[in-house]
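Colleague: These are the residues of each chain, in order.
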Amino acid sequence: MGSGKGSGKGGADARYTGFMSLPTLAVVPGELDLQALVREVAASRPGDGAIASFVGLVRDHNQGRRVSFLDYEAYEPLAVRTLGRIVDEARQAWPDTRVGLHHRTGRIEIGEASVIIVAASPHRANAFAACRYAIERVKQIVPIWKHEHFEGGDVWLEGATADPDDESARQTAYRIACA
Amino acid sequence: MRVTVRLFARLRDLAGSGELVRNVDEPATVQTVWRALVAETPALGDYERTMSVAVNADYSRMSASVSDGDEVAFLPPVSGG
Numbered sequence: 002m003g004s005g006k007g008s009g010k011g012g013a014d015a016r017y018t019g020f021m022s023l024p025t026l027a028v029v030p031g032e033l034d035l036q037a038l039v040r041e042v043a044a045s046r047p048g049d050g051a052i053a054s055f056v057g058l059v060r061d062h063n064q065g066r067r068v069s070f071l072d073y074e075a076y077e078p079l080a081v082r083t084l085g086r087i088v089d090e091a092r093q094a095w096p097d098t099r100v101g102l103h104h105r106t107g108r109i110e111i112g113e114a115s116v117i118i119v120a121a122s123p124h125r126a127n128a129f130a131a132c133r134y135a136i137e138r139v140k141q142i143v144p145i146w147k148h149e150h151f152e153g154g155d156v157w158l159e160g161a162t163a164d165p166d167d168e169s170a171r172q173t174a175y176r177i178a179c180a
Numbered sequence: 023m024r025v026t027v028r029l030f031a032r033l034r035d036l037a038g039s040g041e042l043v044r045n046v047d048e049p050a051t052v053q054t055v056w057r058a059l060v061a062e063t064p065a066l067g068d069y070e071r072t073m074s075v076a077v078n079a080d081y082s083r084m085s086a087s088v089s090d091g092d093e094v095a096f097l098p099p100v101s102g103g
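As given, the protein sequences belong to chains A and B, one line each in that order.
Under this note's numbering, think of the first position of the first sequence as 2, with each following residue one higher.
Under this note's numbering, think of the first position of the second sequence as 23, with each following residue one higher.
Same shape as in the complex, but just chain B (with noise of 0.2 Å):
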């Protein structure tokens, strides 16, 4: 199944674009999605226990199941303000 990823601000820029689709064998959740990624860009794994994940734009958990279509959010520590 085909998700999109979205990348913001370091992630962003480590993995040379904010907007990725990858192809990810079913059943998969957010974690799945997650390994895909640092295998492709390893400093990306850097943020794995700082990082919040969302799904469809509502923040989630590694855990989480993703469905075909989804769109999945990986956001370092916020700084807004």
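Just chain A, with the same shape it has in the complex (with noise of 0.2 Å):
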């Protein structure tokens, strides 16, 4: 991904850098444009009634720590692999669901968004489903790290152990999307 240098579409999505157009799969080093993602993900099927999104932001506080800020490291091309991945599984879960998915790599701020998550179906309930869904599988599963920056030091988290084909993890992921 981001190999090819085009001029881009200009406008909201010059900050994606190196797409000839908006992915809907991406792990890219810049801000992140839910509207456009919206715009993208609506476009492949108008008509639908509902997309539901999710933005998840570089919070302040973690563990009782004060964060600083947050630096995201990606192994890229199997990032994206598994973003795929997911979109797949949702794919199966809801067959009526489009979901796109973007995460920023990097340093990233307080208030910042680290990850959009848009899912578009006939219907809500699917479109909220998916959603949650994909939020929960890419904790799970897709190779990116925080480097957590806070007042007194800086750690790397760690969280999931990845393993895609662990069918527990994703019938958790289900579970909860379902809830």
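These aren't lab readings, by the way, just hints derived from the structure by calculation.
Fair warning: this is a prediction, and the values are worked out from it, not measured in the lab.
It is possible that part of the hints are untrue.
Okay, the calculated beta carbon distance ranges per label pair [claimed, not checked]:
hint, chain 1, residue 1, chain 2, residue 2, range
1, B, R57, A, S169, 45 to 53 Å
2, B, S85, A, A43, 40 to 48 Å
3, B, G38, A, P47, 50 to 58 Å
4, A, G85, B, S89, 21 to 29 Å
5, B, P64, A, G65, 38 to 46 Å
Here are some chain A residues pointing at chain B (derived, C-beta under 10 Å) [said to hold, decoys possible]:
hint, residue
6, G57
7, E74
8, P78
9, A80
10, T83
11, H104
12, E113
13, S115
14, I136
15, K140
16, V143
17, P144
18, K147
19, E159
20, T162
21, D166
Just so you know, even glycine gets a beta-carbon here, dropped at the ideal spot from N, CA and C.
With the hints as a guide, dock the two chains, each given alone in a separate frame, to form the complex.
Modeller: Structure (structure tokens):
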């Protein structure tokens, strides 16, 4: 991804440098654009009745620490591939949904978006479910890491052991999505 | 044969580099490459039970065979989102 140094579409999408057009899946160092992703996902099937979106922001506190900023690292080719897997899984669970997913890398300040997810469907129930499922799976299996810089130090955050074939983790995400 | 090793997050910090090139004897598995790394940097060994591995940017297993020119990645527990 990001290899084509095209002129881009300009305007709001210009921050995604290197893309000829806005992809629905991306792991990028620049600021994320929710409106652009909503437009892109919505355009793939006009006439649907619902779009649900999720925006993950850098929080100012974590486990009792006052967070200064986060620095995200990704294994980019595998991260993009894994986002694609999550979209495929969501489509299997809710066949009428389409999901777009962008994750930012590098230094991100408090209050800025680190991840945006857009799920479209004919009806709201599946849009909400697919959106929730996608963020749960991001946290389980996408090879991205937070390096937390807080007042007094820094630490690599380590969450889930990534195993896309772990069916119990997938079921957990599905249950949360349908709760 | 020659393999490229990719390390991320704390594994990268521990090893002092995110990309290493290593020669390993054939036949080799991901486990062979990992053992060579731990011999160089014993602190990495703590991650053996919690990390994931990838070969050529696709999730894989420690028992998977590795070929000349492959990129083998070791991934600590993830924390995206």
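Colleague: Compare the structure with the hints numbered earlier in the document and write down the numbers of the violated ones, lowest to highest.
Modeller: 1, 5 and 12
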